[in-house]
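K.L.:
If you want the building blocks of each chain, they are given just below.
2 protein chains.
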Amino acid sequence: MIDLIVLGAAAGGGFPQWNSNAPACRRARADDPAAPSRTQASIAVSGDGAHWFVVNASPDLRAQIGQTPALHPRHGLRSTPIAGVILTGGEVDTVTGLLTLRERQPFTLLATPPVLDLLDANPIFEALDRSIVPRVPLALDQPFALALPDGTPAGLTITPFAVPGKVPLYAESGPDPAAIVENGETIGLAMTDGVRHAYFIPGCARMTGPLRARLRGADLVFFDGTLWTDDEMLRAGVGQKTGQRMGHMSVSGDGGTIDAFADLDVRRKVLIHINNSNPLLLADSPERQVAHQAGWEVSFDGMRITT
Amino acid sequence: MIDLIVLGAAAGGGFPQWNSNAPACRRARADDPAAPSRTQASIAVSGDGAHWFVVNASPDLRAQIGQTPALHPRHGLRSTPIAGVILTGGEVDTVTGLLTLRERQPFTLLATPPVLDLLDANPIFEALDRSIVPRVPLALDQPFALALPDGTPAGLTITPFAVPGKVPLYAESGPDPAAIVENGETIGLAMTDGVRHAYFIPGCARMTGPLRARLRGADLVFFDGTLWTDDEMLRAGVGQKTGQRMGHMSVSGDGGTIDAFADLDVRRKVLIHINNSNPLLLADSPERQVAHQAGWEVSFDGMRITT
Numbered sequence: 667m668i669d670l671i672v673l674g675a676a677a678g679g680g681f682p683q684w685n686s687n688a689p690a691c692r693r694a695r696a697d698d699p700a701a702p703s704r705t706q707a708s709i710a711v712s713g714d715g716a717h718w719f720v721v722n723a724s725p726d727l728r729a730q731i732g733q734t735p736a737l738h739p740r741h742g743l744r745s746t747p748i749a750g751v752i753l754t755g756g757e758v759d760t761v762t763g764l765l766t767l768r769e770r771q772p773f774t775l776l777a778t779p780p781v782l783d784l785l786d787a788n789p790i791f792e793a794l795d796r797s798i799v800p801r802v803p804l805a806l807d808q809p810f811a812l813a814l815p816d817g818t819p820a821g822l823t824i825t826p827f828a829v830p831g832k833v834p835l836y837a838e839s840g841p842d843p844a845a846i847v848e849n850g851e852t853i854g855l856a857m858t859d860g861v862r863h864a865y866f867i868p869g870c871a872r873m874t875g876p877l878r879a880r881l882r883g884a885d886l887v888f889f890d891g892t893l894w895t896d897d898e899m900l901r902a903g904v905g906q907k908t909g910q911r912m913g914h915m916s917v918s919g920d921g922g923t924i925d926a927f928a929d930l931d932v933r934r935k936v937l938i939h940i941n942n943s944n945p946l947l948l949a950d951s952p953e954r955q956v957a958h959q960a961g962w963e964v965s966f967d968g969m970r971i972t973t
Numbered sequence: 667m668i669d670l671i672v673l674g675a676a677a678g679g680g681f682p683q684w685n686s687n688a689p690a691c692r693r694a695r696a697d698d699p700a701a702p703s704r705t706q707a708s709i710a711v712s713g714d715g716a717h718w719f720v721v722n723a724s725p726d727l728r729a730q731i732g733q734t735p736a737l738h739p740r741h742g743l744r745s746t747p748i749a750g751v752i753l754t755g756g757e758v759d760t761v762t763g764l765l766t767l768r769e770r771q772p773f774t775l776l777a778t779p780p781v782l783d784l785l786d787a788n789p790i791f792e793a794l795d796r797s798i799v800p801r802v803p804l805a806l807d808q809p810f811a812l813a814l815p816d817g818t819p820a821g822l823t824i825t826p827f828a829v830p831g832k833v834p835l836y837a838e839s840g841p842d843p844a845a846i847v848e849n850g851e852t853i854g855l856a857m858t859d860g861v862r863h864a865y866f867i868p869g870c871a872r873m874t875g876p877l878r879a880r881l882r883g884a885d886l887v888f889f890d891g892t893l894w895t896d897d898e899m900l901r902a903g904v905g906q907k908t909g910q911r912m913g914h915m916s917v918s919g920d921g922g923t924i925d926a927f928a929d930l931d932v933r934r935k936v937l938i939h940i941n942n943s944n945p946l947l948l949a950d951s952p953e954r955q956v957a958h959q960a961g962w963e964v965s966f967d968g969m970r971i972t973t
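Those protein sequences? They're chains H and V, same order as listed. Going by our numbering, 884 is the number at position 218 of the first sequence; the sequence numbering is gapless. Going by our numbering, 727 is the number at position 61 of the second sequence; the sequence numbering is gapless.
Please keep in mind that the hints were generated in silico from the structure rather than gathered at the bench. A hint or two may mislead.
All copies of an identical chain are treated as equivalent in the list; a pair is satisfied when it fits inside any one copy or across any two copies.
To be verified - Below, a list of computed lysine to any residue pairs in the SDA-like style, where the Cα atoms sit at most 25 Å apart:
1) Lys907 <-> Arg770
2) Lys907 <-> Gly715
3) Lys907 <-> Gln771
4) Lys907 <-> Glu953
5) Lys907 <-> Pro830
6) Lys907 <-> Tyr836
7) Lys907 <-> Pro779
All values reported here derive from a predicted model rather than from experimental measurement.
Given only the sequences and the hints, what does the whole structure look like? Please build it.
P.N.:
Structure follows, in structure tokens:
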């Protein structure tokens, strides 16, 4: 069994974004049922429905745990069903929630070496005592059997793999700070119980041949739903950057996500990490219809998929 | 006018704390009306009811803004009524929320040099572009007239002053890591519109003569309500540290906060930064009665005081 809960479906900033007065964010603030609020992207995954691994620690993690009974402590005075945290990148919206998980609670922190380097470079993350929360490097393309803090197998094996992406904004430097790289700075995650195969890829700058081959025939794929069109933030007047500049391919258009997945025979396709500028967030948008007709679901906070 | 909104009333970890299964946290999770949830300590203060300064950027800041209509954007596509953020320390629970305020939105970040040094030492805070969010050092005991980002006076003057405290846990080092110091690492904040005098002191290791003199006759004081008794976390089996070890004086007992304020003639006294182990959080606790009878209010998320 792969049991999966969407803790947050939105991209960095969430929906609504704190400083956005754009129409969609106003609808979310007004509790419009067609524009439900979404926190920042994260999932929890379990092989037994009892012990969970949080994939990406969003800034909203404290609220996300509060809203998710499966993640509430159940034993003793201090405990957690969260056995570990896996990071697919070092962006603010994937690591900030680690600061919520202090309080001397054992769990395992798993990330690739470039992401662990980013944490090492920020002493604030020493709030997680390394003797209690070990930092375990993940090697690209090496299957890694998840275990509970006591060593018991968790029933899931993950395989991290590099996807095209960019370094976090706060770590940009050098002559080409926005270069798209594929070095493990941004990863996708394959998850399997030995039978089913699920993927979590919240950020991806472009589809590649090897990625296409990897995903073909998968049972479940969560994929980068940041932007509907590459220039939507510019056109809406809410930002200066294209999706490509931010390291995200767009959902629509030639070479977009819908296009790229058309012949991949993935059983269940779910968009996640959806920016507040993306009309997919609105249940009554024509873009939502287009995505649905192409076989895509739009994730929402609390969505649960068991496969 | 000093207009003040409590964004969060709880100490670090909030109430309920993510990994606490103690009875009080279970009551909060069960929506017991006598144990309402509280987010991590922060206030917003305004001299005109329209432009706000957030004092301490808690990890819950995104949710706190969402719950506070006064802090919602009102103009254009991107804007905020938040003119600045003032930090009284460099703890995880006072700085993490800065990472929520990215998105190229101008405001001013004000803190003492030791706290700015802690931010400087953590490149993740470069997510706030210094050309858009200037970092302004506050000098101890120097009145500082708050201004809006366009330079307009905000109608409030703050004076930061050192209070006994300790360095953040993640920055502890040396032979006496928990030493109580009074060097500006932890500050209190005096706030005035020229007529009224309010104070915000969410962490204080002990009452001193100069602090007593400063607070005498104040209109409003928010004060460290972390623990009811110094050893309550040890006795409850939920922690190894006393309040003194964490840099917080306790509310009750000889030399405690109630005792220390007994003859200070403060018009309105409000406890804030209340730990989830503190029975003051429970409306039906005898300790709450004792505090009320001594003239203290217990702050809650959304509490608004205009003085």
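K.L.:
Taking the hints in turn, state whether each one holds.
P.N.:
Hints, verified against the model:
Only between protomers do Lys907 and Arg770 lie at most 25 Å apart by alpha-carbon distance; the minimum there is 12 Å, versus 40 Å within a single protomer. For a Cα distance limit of 25 Å, the shortest separation of Lys907 from Gly715 qualifies neither inside one copy, at 40 Å, nor across copies, at 34 Å. With identical chains, the CA atoms of Lys907 and Gln771 are at most 25 Å apart between copies only, with a shortest distance of 15 Å across copies and 39 Å within one. In this assembly of identical chains, Lys907 and Glu953 lie within 25 Å of each other by CA distance solely inside one copy; the values are 21 Å within and 54 Å between copies.
Proximity of Lys907 to Pro830 under the C-alpha cut-off of 25 Å is restricted to the intra-copy arrangement: shortest distance 18 Å within a copy versus 46 Å between copies. In this homomeric assembly, Lys907 and Tyr836 come within 25 Å of each other (Cα to Cα) only inside a single copy, at 15 Å, whereas the closest approach across copies is 35 Å. Taking the shortest alpha-carbon separations for Lys907 and Pro779, neither the intra-copy value of 28 Å nor the inter-copy value of 34 Å comes in at or below 25 Å.
In the structure shown, a violation is registered for the earlier hints numbered 2, 7, in ascending order.
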